[in-house]
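J.: Chain residues, written in single-letter form:
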Amino acid sequence: MPRSANFWRIALPAIAVVVFLVGWSVYVRTAEVSAFVLPPPEAIAVALGHLILDPNLWYHARITVTEAVSGFVIAVTLGTVLGFLMARFPPVEWAAKPFIVLLQLVPKIALAPLFILWFGFGLESKIVIAAALAFFPVFSNALIAFKSVDPGDSDVMTMLQANAAQRFVMLELPNALPVVLTGMEVSVVMSMIGAIVGEFIGGSEGLGYLAVKYLQELSVPNLFAVVVVLTLVGLCLYLLIGRLRAWLAPWHASSTGSH
Amino acid sequence: MSEHDPALLSAEIDIRGLTKIFGEGATAVTAISKADLDLDRGAFISLLGPSGCGKTTLLRIVAGLEAPTEGSVSIRGLPVWRGRKRSRKATRPVSMMFQEARLFPWYSVAENVALPLRITGASNADRMARAREICATVGLKGFEDHRPAQLSGGMRQRASLARALVTDPQVLLLDEPFGALDAMTRDTLNLGLMEVCARARVTTILVTHSIAEAAFLSDRVIVLAPRPARITNVVDIPFARPRTLDLQRSTAFQDIVADLRTQLMEGHDA
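Chains as they are written, first to last, in UniProt numbering: chain A, 1 to 259; chain B, 1 to 270.
No lab work stands behind these hints, which were simulated from the structure alone.
Heads up, some of the hints might be wrong.
[As the list claims (entries may be wrong)] Capping the alpha-carbon separation at 30 Å, the derived lysine-lysine pairs in BS3-like fashion look like this:
1. B/K85 / B/K141
2. A/K97 / A/K108
3. B/K85 / A/K147
4. A/K147 / A/K108
5. B/K89 / B/K34
6. A/K147 / B/K34
[As the list claims (entries may be wrong)] Listed next, the stretches of chain A that the computed footprint assigns to chain B, with coverage defined by at least 3 CB atoms under 8 Å from CB atoms of chain B:
7. 148-155
8. 159-170
9. 246-253
Don't be surprised by glycine CBs; every beta carbon is placed ideally from N, CA and C.
Can you build the whole structure from these sequences, using the hints too?
T.: Take a look at the structure:
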């Protein structure tokens, strides 16, 4: 029966979350875990309530979002353009290949201190770290996407005497969009990670800095609350990409939602 | 029109000594060997043969999608190939339909049909008006704003036909466009196709492996055989036009079909 199926689809995850939170709370109380190490969820909720009302939090959140989004935009632009150029002009791929492979193998996080050294303790270094982490998912998806134009579709454009620009606008770009958007979904999360790691290492602003500060103050409920805020910010960015997909690639199966 | 217009002096499509070899050395495969063919304006011919006889390759060379190894193709007096480079000018009056509908999923049916006009630079209002007009003539009225994914296979091929006709082509190249459709849809689309070709005097080459379809639609059927790929016979189909589906039940038609079948078998055994 579809109606009861719908009911359980909503009820089951809600029940699971409640069971998890209650279990956590009971465990902290009965197992005599130090509240410093693992505060109960209600303590985190209280800390979160205070934090959300504090304009200071939103200042730091704005910093982190600025860094992540700037890094993301740079990564998407560079990744898409480079992916297209390499797919379209094989010599570009041959020349860039060794660098791409090496950069892909380097743990980008390990470069973060270097970027701080080069770009200072301000926003710039965090934007660069966010961009470095967010680049590869978009780039590798764009490369595959622009390479995978169906030869039959290409024949259609040849028969219609389309020039290179028309081919790009009417075939190559729309054909690549769904796959590039999938890369962007991964990238937007990576750019958040990049911004936060940058703030961990150096700086006096942003949610990553705030988390480190609360750790040093041993204010663990506040630390958890910052993590919750970070998660919510990440969720918003992820949903934004979903909206972007529905707007840019409404014809694609990935846009019609999972049922 | 000037007296020296090449289109008036020579055949609409002229194929001379066309050879296509894929690969080199010991692994080389001859897809077409020294094919000669000429079509007058408005002629409808079919390339009939089993898979592997090079009929699609021949069509793709005429379309400018595959370069010949040797020989020449001219459309209205203009060579399609200069070495390995296709001539845009020679292929401009040509439309092609493929085995798949090849509609772009990011465009609506009308936008797909209007695409050739968009590429030639027609204004948005003009091309959409023309697309809707031609959609109506191929039986797509009411489906103009649908996406291709929402259409049945037959409807998609109708849209593909509309896209091929929207530019008023003088030459139509058809690579088994209705091969995947059910018999009734196929008959309907073939009748429509014949009418359009006859009315606008479109010169048409159809690739097919259906004997009855070739005999029903064509003025001439070119029988091909595989290994080595070659033209084994040319059969003139004498039936007057316009033709109706009743023709297929006549004894004369059955005789031609039987004759073509025999020739196909002979070529296959050789």
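J.: If a hint holds in the structure, say so; if it does not, say that too.
T.: Hints, one by one, checked against the model:
1. A hinted pair counts as satisfied when its Cα atoms are at most 30 Å apart, and B/K85 with B/K141 does not qualify at roughly 40 Å.
2. Distance check on the hinted pair: A/K97 and A/K108 sit about 17 Å apart at the alpha-carbon level, within 30 Å; holds.
3. A C-alpha spacing of about 23 Å is found between B/K85 and A/K147, which places the hinted pair at or below 30 Å, so the restraint holds.
4. Proximity of A/K147 to A/K108 is assessed by CA-CA distance (about 26 Å); at most 30 Å being required, the pair is judged to hold.
5. The suggested pairing of B/K89 with B/K34 holds, with an alpha-carbon distance near 25 Å, which does not exceed 30 Å.
6. Our distance criterion of 30 Å between C-alpha atoms is broken by A/K147 and B/K34, whose separation comes to about 35 Å.
7. A count of 3 residues in the segment 148-155 of chain A with a Cβ less than 8 Å from any Cβ of chain B is obtained; the coverage claim is therefore met, three being the minimum.
8. With a threshold of 8 Å between beta carbons, the proposed coverage of the segment 159-170 of chain A by chain B holds, since 6 of its residues qualify and at least three are required.
9. Given as covered by chain B, the segment 246-253 of chain A passes the check, having 3 residues with a CB less than 8 Å from a CB of that chain where 3 are the minimum.
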